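> Each chain, letter by letter, is given below.
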Amino acid sequence: MKVPVSITINGRVCEHEVEPRTLLVHFIRDLAGLTGTKVGCDTSQCGSCTVLIDGVSAKSCTTLAAQADGAGITTIEGLGDGEQLHPLQESFWNKHGLQCGFCTPGMILASHELLRTNASPSEAEIRHGLEGNLCRCTGYENIVRAVRDAAGAMAQE
Amino acid sequence: MFAADFEYYRAGSVAEARELLAAHPGAKLLAGGHSLIPLLKLRLAAPAAVVDIGRIGELHGISNGGGALHIGALTTHAEIAASAAVNAGAEALAEAASQIGDPAVRNRGTIGGNVAHADPASDLPTVLAALGATFTVSGPDGERSLAAADFFQGMMATALGEHDILTAVNVPAAGSGSGSAYVKFSHPASRYAVVGAAAAVTGAGGTCAGASVAVGGATAVPVRCASVEAALAGRALSADAIAAAAAAAGSDFGDDLLGDVFASGEYRKAVAPVYVQRALTAAAERAG
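Listed in order, the protein sequences are those of chains A and B.
The first sequence maps to residues 1 to 157 in my numbering.
The second sequence maps to residues 1 to 288 in my numbering.
Worth flagging that the hints you see were computed from the coordinates, not collected in a lab.
Check the hints yourself; a few may be wrong.
Simulated coverage check for chain A against chain B, where a stretch passes if three residues somewhere in it have a Cβ under 8 Å from a Cβ of chain B [claimed, not checked]:
| hint | region |
| --- | --- |
| 1 | 57-68 |
| 2 | 101-114 |
| 3 | 128-138 |
Below, simulated DMTMM-like cross-link-like pairs (lysine to aspartate or glutamate); rule was C-alpha separation at most 25 Å, straight line [as the list claims (entries may be wrong)]:
| hint | chain 1 | residue 1 | chain 2 | residue 2 |
| --- | --- | --- | --- | --- |
| 4 | B | K41 | A | E131 |
| 5 | B | K41 | B | D260 |
| 6 | B | K28 | A | D69 |
| 7 | B | K41 | A | D30 |
Just so we're clear, the structure is a prediction, and the values are computed from it rather than from any experiment.
Glycine residues also receive a C-beta, built at the ideal position from the N, C-alpha and C atoms.
Chain A extracted, bound-state conformation (with noise of 0.2 Å):
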């Protein structure tokens, strides 16, 4: 029996009828057609699908749509603000944080959560903060260094 789920997505509200297998992953690739959300392990190790709850980092491979019901989802789609970028995604650009880009939504909003629970982390801290995610072409330098340039770019404004 399908079970009706209501999901706001970057602040639009999603309405649909699902099985109740039905992962949030899926939920917002294939019926909300936001594919930025990477499925990539598919066994919650590699953060590729790494979404905001109510602004709380979350695996939403690992998360079924009806737990979601009534939440807020934010998605890399809905981090900047239209064609203004959030400070995590211009930092990534500008310090070559992504390589073939597949993991770099999860790591950008799995740095979202670690720049929410600790505005100006060292280094170690950001590799710890990270450790969820998974990058294929093994380009973590640059995704530290980016981290840290979102931090500060972050504590300026």
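Position chain B against the provided structure of chain A, taking the given hints into account.
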């Protein structure tokens, strides 16, 4: 990966959850989902119904009373790790919670789901065994309280019956002169404990008035290391005494060791004293 189809019910209260469990035999409880959803996706579990208890307010939060911390089953690992009350009264628990998985996992995973899942490689069962925690269970015959030794019954097996709901975990709050710590050898990919050691020490004036030690990862359920505890009781909390006591850790494990391609049972048993020693050392420092 897609789970087998199931019916989904959302409970607004413990009473309603119990009614739903009674109405749907074999139903599974869903809290944060970080143990159950992977099982559903791998089809290691395929219940006909899932009862979502994730929004039951009465199961959420940490309170402090009667010398114990009462941790609602829906409290997340992130909340436990950040709790001032837990960091003050049960350092090992905060320490273990802060090392589970990664930040996004800790934001969703709950203490109740963790212990009900009873994975031998999990961190919290080991700590709760060492700290003398009790588990509050709401069942058809009312509420009951279980000690860790009775709650954890085997690999992924607990005393919870089909119609039971774990509602809270209660941890005695450490007084002054007491300290606890959790140290683990975490698997480099999964962060699960290959071996995890939890220790609580009461040490007035540098002498051990009492110690409790548990090890997880090497056996199906956390092992209380009575040999280590006895070896340390009444001794000065010196580095030598701690090392000598910790060396006995493996003798409490029995013959039924867990091993896998990453670490054999013999290896886990051999390495356990190192982690017991580290946990005892950190706990003794905090007690002092």
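> Each hint: holds or not?
The hints, checked one at a time:
1. 57-68: n = 8 at 8 Å, threshold three: holds.
2. 101-114: Coverage by chain B holds here, the residue count being 3 at a Cβ distance below 8 Å.
3. 128-138: holds (count 4)
4. K41(B) <-> E131(A): holds, 23 Å
5. K41(B) <-> D260(B): Given that 25 Å is the threshold and the Cα spacing comes to 22 Å, the pair holds.
6. K28(B) <-> D69(A): holds, 19 Å
7. K41(B) <-> D30(A): holds, 18 Å
Checked against the numbered hints listed earlier, the structure breaks none of them; every hint is satisfied.
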